[in-house]
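For the sequence shown, counting from 1, position 166 maps to 166 in full-length UniProt numbering; every step adds exactly one.
None of these hints come from the bench; they were simulated from the model.
Treat the hints with care, as some may be off.
[Said to hold, decoys possible] List of simulated lysine-lysine pairs, DSS-like, C-alpha gap at most 30 Å:
1) K315 - K349
2) K349 - K333
3) K417 - K333
4) K599 - K551
5) K580 - K315
6) K236 - K191
7) K315 - K236
8) K599 - K349
9) K349 - K18
10) K272 - K315
11) K272 - K417
12) K523 - K590
13) K18 - K191
14) K580 - K349
15) K551 - K590
16) K417 - K540
17) K417 - K315
18) K580 - K523
19) K523 - K540
20) K523 - K191
21) K599 - K580
22) K540 - K590
23) K18 - K315
24) K551 - K580
25) K272 - K236
26) K333 - K315
27) K590 - K580
28) K540 - K580
29) K272 - K191
30) K333 - K540
31) K523 - K417
32) K417 - K599
33) K417 - K349
34) K551 - K523
35) K349 - K540
[Said to hold, decoys possible] Just the calculated beta-carbon pair ranges, DEER-fashion:
36) S363 - G437: 46 to 54 Å
37) E28 - G280: 30 to 38 Å
38) A526 - D492: 49 to 57 Å
39) Q475 - E28: 33 to 41 Å
40) E22 - R583: 23 to 31 Å
Note that the structure is predicted; figures quoted are calculated from it, not measured.
We treat Cβ as the ideally placed atom computed from N, Cα and C, and that holds for glycine.
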Amino acid sequence: MEASYRTTYEASLADPEKFWLEAAGAIEWTGFPRHALDGARAPIYRWFPDGELNTSVNALDRHVAAGRGDQTALVYDSAMLGTQRRYSYRELLAEVERFAGVLRGLGVRAGDRVIIYMPMIPEAAMAMLAAARLGAVHSVVFGGFAARELAARIDDATPAVVVTASGGLEPSRRVEYLPAVDEAIRTAGHKVPNVVVKARDGFGHGVEDFDGGATAWHDWDRLAASAQPVAAVPVKATDPLYILYTSGTTGAPKGVVRDNGSHAVALAWSMKNIYNVGPGDVMWTASDVGWVVGHSYIVYGPLLAGATTVLYEGKPVGTPDAGAFWRVVQDHKVNVLFTAPTALRAIRKADPDAGLLDGYDRSSLRTLFAAGERLDPETYDWIAAALAVPVIDHWWQTETGWAIAANPMGLEPLPVKAGSPTVPVPGYRVEIVDGAGRPVPAGTEGNIVIRLPLPPGTLATLWGNDRRFVESYLQTFEGCYATGDSGYFDGDGYLFVMGRTDDVINVSGHRLSTGAMEQVVAKHPAVAECAVVGVADRLKGQRPSGYVVLKAGAGISPDVLQQELVALVREQIGPVADFKEVRVVAALPKTRSGKVLRKTMRQIADGEEYVVPSTIEDASVIDELVRTMRS
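Model the full assembly from the supplied sequences, consistent with the hints where possible.
Right under this line is the structure:
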């Protein structure tokens, strides 16, 4: 490795306060911080405790003030509708100022929460930036989640307003949002005062179908027409910007809190040093604003950098074909594309020879970044050869908000190793330890941990629950954040991330709790007990596979049971779970203490070598399970 990366990385660990105060100079502050790190409540640390700023100003106003108001800030490309629209920085600022006025008119003030349940339309980003403008805390909930999941988030965040739309578009159907929002509001214990709906053509419900109860329903456009633009509200750097819920291993969602100041500093640093994106560049992150990738690199990161961001409503295949991504690159002269390996595998499945690439001009594309799950070497080799540009895998989590390990393309591009996200990013002291927290040698797989304090931009805590934050992430290994992933460093210092160490699985880039699925499956009247494990899937990374033991005398066929369980999981967790596979077994393999051997089950399903634990209660159950899985 050359000196540039190594020198920068070592400087970030040797004197993090100096390093990040210098990085803070890339952000506009109403009160520049004099101190970088507050460790008074360790292991809970806070960055830039005496700083003051507004994130929306940094994303919009300052670029207009700098004379770049006519530059394109956001491109909306709907493959579903066949439409495109561009917003300059000046136009996007005006829309955000106006919707901030809408929220202010509904009583939203600094610190209030706003839940955003939206499809991939410009108004989703506008609502996020408008909440930030007021110093309010937004929580974006992916539109594919069921009413029950939305209700759980309403009860945890207790929002003053829910912002939604008529529905979302899928290649083969329209998904109505308003009935689900109505059900969630009626189910939740917290009573939501106001709902704002962005009307879209072709959907069957409008605000008039639900207004009139305890919750007032409003039309976005009618309110915006008379709203007065509002000025930005400065907030403390340590004030929360957003809450983003992630599945917990117990099935209860965890509200990851991202603050304003360190979030802005970290993302601005990452745009320059990891992605090599600056003012005027075009970045397209093919994700959804409901996920952390969409927060960081559809909405905030590109706008903080003064770049152009592409917001795409479509799929990698089927809208209309596997050339969809390359059409977007051509149409908008995309310089940097960021997507999930799942999307690349879907494109490869539909177009194995990459023949559709030849129909599009991709000369603008400099780099392809991948994250969400491990970019397997086979897919890496295929897409790298097809595109003939650097393909960069990098690794991060909802909790961290930006990359833990990456190839720093704007700092010093390093040689790529297929299967590795390259090296730890400056600010992250990454270590590999055994179960007792002891360091392991290079080449030995162990638990991936990050030595505290975490760098700026990572989770500050869990919403309303410092104790759960500490118990979930900071107690397993003293002085460290437990990533929940296993991996190893090779002799060159490259990190290899091998998989999860808990029961949260990665389906098409979405982290989902198998424990939550088990809770749903167990509700079926014919099910005595069950286990859901994540098994390897060439297209989606992982898929959930359910194993159920029936109650004695349960008169139900396996086919009917599977149909009912699939419908149940879809209703209570959502279609993103992709739960389709159910097997009836005589018994589940367990230890004598009653713990189900899920890891062993997964290894059998994936065809891996496995060792039957000495603590197993009945070894014959394993033999029967193998026969069932292979039948």
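Where does the structure disagree with the numbered hints, that is, which hint numbers, in rising order?
The structure breaks hints 7, 9, 13, 23, 29, 31, 37 and 40; every other hint is satisfied.
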